[in-house]
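Visitor: One letter stands for each residue in the lines below.
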Amino acid sequence: MFLAKIYVTYKPSILDPKGETVKDALQRMDFNGVQDVVMGKYFEIKLAGTDLASVEQEVQAFSEKLLINVNMEVFRYEIEAITE
Amino acid sequence: MKAAVITFPGSNCDLDMYHALVDEFEIETEILPATVTDLSAYDAIFIPGGFSYGDYLRTGAIARFAPVMAAIKAADQQGKIIVGICNGFQILTEAGLLPGALQTNTQPGFICDVTGLKVVNTTSKFTNAFTKSINQFPIAHGEGNYYVDAATLATMQANQQILFTYTDNPNGSIADIAGVTNTNGNVFGMMPHPERAVDALLGNVDGRAFFSSIIASLVNQQEAIKA
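Chains as they are written, first to last, in the working numbering: chain A, 207 to 290; chain B, 703 to 929.
Treat the hints as calculated values from the structure; they're not laboratory data. Using N, Cα and C, we set each Cβ at its ideal position, and we do this for glycine too. Don't take each hint at face value.
[Said to hold, decoys possible] Some chain B residues judged to face chain A by a derived CB distance under 8 angstroms, without partners named:
#: 1; residue: Phe-753
#: 2; residue: Gly-756
#: 3; residue: Tyr-758
#: 4; residue: Leu-759
#: 5; residue: Ile-764
#: 6; residue: Phe-767
Working from the sequences, and respecting the hints, build out all of it.
Guide: Here's what the structure looks like:
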């Protein structure tokens, strides 16, 4: 069994209105060190299997198919082996 | 009586609320932006529905830090009437002026419907004029699933802070809760829209009792001050 932690964010070239709104709010609240905010999505997905390579392939496939819109988003992931 | 309707960037029920207050109940009302810092001239403050700051991060999460919120908290300290409808309810919970939080509906998606509301407590500033125990109110929300922890729920029940419950829970709210007050009974929030049920032309006037209740409690308050 594996646990995939998947992080989805906009491509740097895409405007992130949510991140911009949070950044504006933080700066309005006088957190003056705040330079930039990226707001994304985080998934934890448990996967059956014993072979890391095939699990990785699966994560790659379903992330591209469902979790992201390939036109405007990117994802990265970490996979760890877990006990049930 | 003088009322204020607060408009945040992304609010969209401000004019419905204004219409209800001014045209239906002849209350002197001003629409004010979220940048105002003084609400001392107003007896009642209404936070309308909509999608303040796009509902980004969480519903109400950014609105609670808008400049006007300090003035709203000051009004609460003075025991003034503060009403949050829909997104206004979400803002008041995020701001800590009402207990609990609103999360995503248990059934996926935005619900736009009419729902039955049971008046649980008719002694409050917001429900004293209700004559029917079941009233039909419009709802329109995606994040109206009210949550409080068990200890807070017990306190709220003991204090009679739950004013309305759903007859047919549309969104998964705990204990069928639809509308709640704070412990002092001057701050109220709910997801359903009384301001959309005040005009006979639109076929539903069940929301009128909500506004009549507020007016009656303010009149009583002013008479008490005079006496």
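Visitor: Which hint numbers doesn't this structure obey?
Guide: Hint check: 1 fails alone, others pass.
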